[in-house]
Amino acid sequence: MVQSKKQKYLFLTFCLLPTFLLFVIFTVYPMVNGIYLSLFDWSGMSANREFVGFENYIRMFNDEIIGKAIYNDYFFVVTKVIGIMILSLFFAVALTQLKVKEAPFYRVVFFFPNIMSVVVIGILWQFIYEPDIGLVNGFLTSVGLESWTRPWLGSMEWALPSLVVPAIWAGIGLFMLLLMGGIMNIPKSQYESAEIDGASEWQQFWKITVPLIWPQIKTSMIYIVITSLNGSFVLVQIMTNGGPGNETEVMGSYLYQKAFEDFQFGYGATIGVLILILSLVTVLIMQFILKREKVEY
Amino acid sequence: MTKFITGAAVRIPLIIWSILVVFPLIWMFVGAFKSNAEIFSSPWSMPETYNFGNFVSAWVDFSIGSSFLNTIFVTVLGTVLCLAFSIPTTYALERLRFKGSEVLFNVYLASMMIPAVLGWIPLFFLLMNMNLLDNLFALSAVYAISQVPFTIFILSSFMGSVPKELEEAAAVDGMSPYGVLFKIVTPMVKTGIITASILNAITFWNEYFMALILLQTESKNTLGVQMDLLSTNAQYESAWGALFAGLVIAVVPVIIFYAIFQRHIVKGMTEGAVKG
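Each protein sequence line maps, in turn, to chains A and B. Here the first sequence stands for residues 1 to 297, numbered as in UniProt numbering. Here the second sequence stands for residues 1 to 276, numbered as in UniProt numbering.
The following block holds chain A by itself, in its conformation from the complex (with noise of 0.2 Å):
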């Protein structure tokens, strides 16, 4: 090649330099100066900003609606992952290898929800709960199960519980693709000589698939739990804005409330740092826990 040194890296930083800075400044420093700022006490005009050190983060031990968006974001990631993980991969394996003709409807209409807006099935699923006009009391009441119906969203006990339903509706398609992928990727001679070994279907499914397809098992449980504390709190933004009282309040709400409403915006960031800590924390003992010996196929 006929390239002098200055020309090569000439061509390395038209490459990499304009993208590296933009990704700097709009991603990388925003981040750094996230946790910087959760030691101030800042309403937002630069003159008043007070350096209070770890008083935010005293502050955030003795809150209790922390608490209880702590406790609500797990909910949501307990409930989405298990809910999620067996019903996509049930669906996964139903699409791929129990023959279904009819496979490739399925799988676009199940995929279909992953690509509208949190703010569409936000608020689609506001009417389908809504107390007198919506399917949910609608279908109760023609099947007479009238005393069954509620305001769902209003209601201090199934407004979380029905916030997760969606979540799940939303979230199936994508996980059910990831899997399918997995699957098809097994060589049919592993099903062939467990059946020649006389394996049930359900033996199979425990020793072949769910094995080979571990990897793609447990990315998706991480990728729902990092998609769960950073991303649960749109839906509940649109659907309750963490009503009735505190009730549905996850982190991310709470940490808008209280920067973009209160105009805390120290105490925001504060809540900011703590699902960063809390996300981390969580990856590093989901990556521990699914720790599996490695199968070659």
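Just so you know, the hints here were simulated from the structure itself, not pulled from any lab data. Treat the hints with caution; some may be incorrect.
[To be verified] When the alpha-carbon atoms are kept at most 30 Å apart in a straight line, the in silico DSSO-like pairs for lysine-lysine are as follows:
hint, chain 1, residue 1, chain 2, residue 2
1, A, K5, B, K164
2, B, K99, A, K5
3, B, K183, A, K8
4, B, K99, A, K8
5, A, K207, A, K291
6, B, K164, A, K8
7, B, K267, A, K218
8, B, K183, A, K6
9, A, K6, B, K267
10, A, K207, A, K80
11, B, K267, A, K101
12, A, K188, B, K267
Please read all numbers here as calculations on a predicted model, not as lab measurements.
Keeping the supplied structure of chain A fixed, place chain B upon it in accordance with the hints.
Leaving out everything else, chain B in the frame of chain A:
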């Protein structure tokens, strides 16, 4: 007989789930044509007459029209900018080995794990100080940068499979490295570019929170923010029909997009899983 039973046992959950996905959407479409009174008196029935008044009301009175155009703007600009940022970087990281290329690649990947929420407050003040709040160009740029790591991740596996001989032959013929990148390599990774762009475009079209924070006047609002406003107003003005119509307007482009690119999306997702 057992075959029939297992066949049914598999199909029943599949059918139930299809209904759970499709029925709310049909209900939403039907509601968009109903009057408020009809939505309340007979929420389950088909509309008596199909009137488009709700759509007009949503589009004009609730500014869904202008926010629709704003959303198209940020989606297209964000997707194009993201490619402009990501393609040269991916090429340099994947094909031109240099000291630190692996480190830089891992920095981009690692940033995907960090919650964006943490950066929102500083980002808001950064744009405020740069006088870029309430600016659709700035929002598009922020969108583009936010998807750069993901795009690099997708494109790098495609660039890895471009034969090196092609680049070398072009270089021997006297083509500059810029020419090699844009005229030889870029066309070769078209599939990767399409996959990444589809997923990015859907993300940008649906984004809500950054737009909520970074935009301020109603005329600049994107669909997500405007729909949320409409939803709040609809409850006071009981403009339920308009709200249903607004939802339909927000969803129809995605349905069309999905119908066209459905194969690519599904293929991209399942193949990505194989590699991951």
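Quick rundown of the hints versus the structure:
1. Between the alpha carbons of K5(A) and K164(B) the distance comes to roughly 20 Å, so the proposed pair stays at or under 30 Å and holds.
2. For the hint linking K99(B) to K5(A), the alpha-carbon distance of about 14 Å falls within 30 Å, and the restraint holds.
3. A threshold of 30 Å between alpha carbons decides the hint, and for K183(B) with K8(A) the separation of about 18 Å falls inside it, so the pair holds.
4. With a CA separation close to 13 Å, the supplied pair K99(B) and K8(A) stays within the 30 Å bound.
5. Restraint check for K207(A) and K291(A): the C-alpha separation of about 17 Å stays at or below 30 Å, so the hint holds.
6. Among the hinted pairs, K164(B) with K8(A) is consistent with the structure: their alpha-carbon atoms are about 17 Å apart, no more than 30 Å.
7. Of the supplied pair hints, the one linking K267(B) and K218(A) holds, its CA atoms being roughly 21 Å apart against a limit of 30 Å.
8. Of the supplied pair hints, the one linking K183(B) and K6(A) holds, its CA atoms being roughly 22 Å apart against a limit of 30 Å.
9. With a C-alpha separation of about 42 Å, the suggested pair K6(A) and K267(B) falls outside the 30 Å cut-off, and the hint is violated.
10. For a cut-off of 30 Å, the pair hint linking K207(A) to K80(A) stands: about 25 Å separates their Cα positions.
11. Taken as a hint, the K267(B) and K101(A) pair is honoured in the structure, with Cα atoms around 19 Å apart against an allowance of 30 Å.
12. Using a Cα cut-off of 30 Å, the hinted pair K188(A) and K267(B) holds, with the two alpha carbons roughly 20 Å apart.
This entry does not satisfy hint 9, going by the numbered hints stated previously; all others are met.
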